[in-house]
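Asks: Chain by chain, the residues:
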Amino acid sequence: MTNVPLSARRGNKFGISFFHWALKTFGINRPCEFVWAICLYYVLFDREAVKAAMPYVRRRFPEAGRFRRMWYVYRIFVSNGQAMVICAANVKGNLVSLEFEHFERAKNYLESVPEGMIIITSHFGNWQTAMTNLQNDLGRPISFLMQPEQNEAVLEALRHNPTQGRLQVISTDSEMGGMLEVMEAVRAGHVVCIMADRAMNDRTSEVRFLGEKAHFPYTAFFMAAKLNCPVIPLFVARKGKRRDALKVSFGKLIFPVLSGEKNAAEIMSPYVGEYARELENKAKLYPFQCFLFQDVWDFKAEKT
Amino acid sequence: MSNANSAVNEKMFSELKAKLVEWLSLDDVTPEEIGTDDALFGQGLGLDSLDSVEIVVMLQREYGISSKEISRKKEVFSSVRTLAQYILDNRTD
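For the protein sequence lines, the chains are A and B, in the order given. Residues 92 to 395 (this note's numbering) make up the first sequence, in order. Residues 533 to 625 (this note's numbering) make up the second sequence, in order.
Okay, chain B solo, but in the shape it has when bound (with noise of 0.2 Å):
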């Protein structure tokens, strides 16, 4: 059970860096390059206010999450790890 919920998060955060890239048009950055425990705002990735509203719509678009209950959790939004964790245990998709 560990093994496949380690695989499937595994999983979650190589789709996730991809539709980062996609989703952000980070043009000079791939998935493999972005730390799953890097910060995505401010340092690391350095992503800007602007990118939090791209990936909100991304979220709702891609898993369904709601917009207006991930907004209110803004660490959510610390990493690719706390991300994708928060996707998992809300996605309706």
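Isolated chain A, as found in the complex (with noise of 0.2 Å):
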């Protein structure tokens, strides 16, 4: 299965373009129902598209039978383009009401330390829109590891985005992948972002994910425990039927720790494990905004 995720397709350059024009014509909702009729087009004729995000379905909605299946794939292709829109609808002054939950875990640490942290986000709901909010409450400049290709939309919205100077994109196309970045972001008081959902090599610990053992990558765990600051998982989902107005849950810090005898995956386990329990949470409240479109329960990890 090709590591390229799939809203890398939904973003590109013209769909934006596209989309802003509608924004600016019609406002933020006319647009998010247009995303109805070309998410269509996907579900009918993309089965790679599908193919991604049946292991998910079938797992959050075991009872489920072949044509609901396909629904359920219909409505999140749906709620992942309409994250799209929306985060361009903030970035053009369209501003998203946001809603914070347990935001002082996060913010009471980073009063208390120069240093910064790293909050590990996840293919759900609208994580970019968040994002390019957060860090004037946060008071830390944010830098993101990200794969260059991954969302053409996200970078657009990260890059033009005139109210979030200091927002910064650490490439894991850079050398060393970005590590060394991402070290350094740490140490001089950033908050990185890092995706914890979908792994890019074999660094990977196995854990319970929807009632099957699942691999979720540990990167951002074993470089918090390399820099003794905590990871903070971050979910973002859509309230209700409104367009504007994101709930932003911060979960509990997690402080991992390297130590004994066994090797990085199995220490790093229960840290993955624990945000895999929340991620999970997430998708019970808000099924169709999880996007996880990598088989995390057949994943062929590839050393790199």
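Because the hints were derived from the structure by calculation, they are not lab data. Treat the hints with caution; some may be incorrect.
Here are the simulated DSS-like pairs of lysine-lysine, each with C-alpha atoms no more than 25 Å apart in a straight line [to be verified]:
| hint | chain 1 | residue 1 | chain 2 | residue 2 |
| --- | --- | --- | --- | --- |
| 1 | A | K317 | B | K600 |
| 2 | B | K605 | A | K317 |
| 3 | A | K317 | B | K551 |
| 4 | B | K551 | A | K353 |
| 5 | A | K353 | A | K304 |
With the hints in hand, could you dock these two chains into one complex?
Replies: Set out below in structure tokens:
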């Protein structure tokens, strides 16, 4: 299975231009409705896209039959597309309101130390939108560790948001996979955001997720252990039917420690497991906002 | 002088190879099997991005090398030879 996420295709430059025009002309609601039509194409004709979404849908909805599973895939595609539209709207000035939950967990820690921390994000809900607003609230520069081709729409939003001059993207394609930049950013007091639900190499831990053994990357936890900083999961979900209101939930602070005779994957497994439990809880609350397009239950690791 | 430098370098190469095996938990490699000029990342020893973090921490703790400085000089991580030379030029332990 290719490691290039499907959202990269939906966020291509032509699509971005069209939706920028639609947002300017119609506001936020009509473009979100357009997404239903566009995603119908993908669910009917893009077998690879549907195939990528099915492992999650099968496990989240184990009793669903074939047609209902396709309907759920469609809903997930639409939700993903609308998240990108909302992100673009936010950049353009149609500001989205954020309701924070447990924000003090991150804020209090950052106020107590000069160093930074690691926020782990997921392909869930409207994480891009929250990120572009969050650094003002946290009072620290924010850096993102990302694959450059991972999501053009995200990169466009991050680069062109006029209020977020301190946002930085650390590319995984840079030498050493961006890890040294992550290290220096945290030591300089930045908050570094790392995706925790999509593995790009064999640095994964086996944990239980939606009832079965799954593999999630332990990179963020490993880095936190080396930097003596915490990891905090962040989830951003759309509240109800409103398109301009998001709930930003911080999980518990996790302080990974590397010690003992076991290998890194085993040592990191309990921490990765904590994250997986939080992701599962969120997937149960907001099942169509979980954009897990990688088969984490049958992950074929490639050493890079 | 040249012989003395060469001896110092060889000692550093051996020491560094042993530390790489120890710090990176390279269970299936002995220090003697690591070529001084072999690539550390990708081909050669096959280290990955997280190993680079381990190396930086190791250099900091074992040789007093500033992580901020070495993080900007990624060419230093090419081989044992380049890493050893950097240590010899910059150690503060």
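Asks: Hey, K605 (chain B) versus K317 (chain A), does the alpha-carbon distance stay inside 25 Å?
Replies: holds (20 Å)
Asks: Decide if the proposed pair is consistent with the structure: K551 (chain B) and K353 (chain A), CA atoms, cutoff 25 Å inclusive.
Replies: The hint holds at about 19 Å.
Asks: Given the proposed pairing of K353 (chain A) with K304 (chain A), does the C-alpha separation stay at or below 25 Å?
Replies: Holds - the C-alpha atoms of K304 (chain A) and K353 (chain A) are around 19 Å apart, at most 25 Å.
Asks: Can the restraint linking K317 (chain A) and K551 (chain B) be considered satisfied, given a maximum Cα separation of 25 Å?
Replies: Roughly 17 Å separates the two Cα atoms, so the pair holds.
Asks: Given the hinted pair K317 (chain A) and K600 (chain B), is their Cα-Cα distance within 25 Å?
Replies: holds (15 Å)
Checked against the numbered hints given earlier, this structure breaks none of them.
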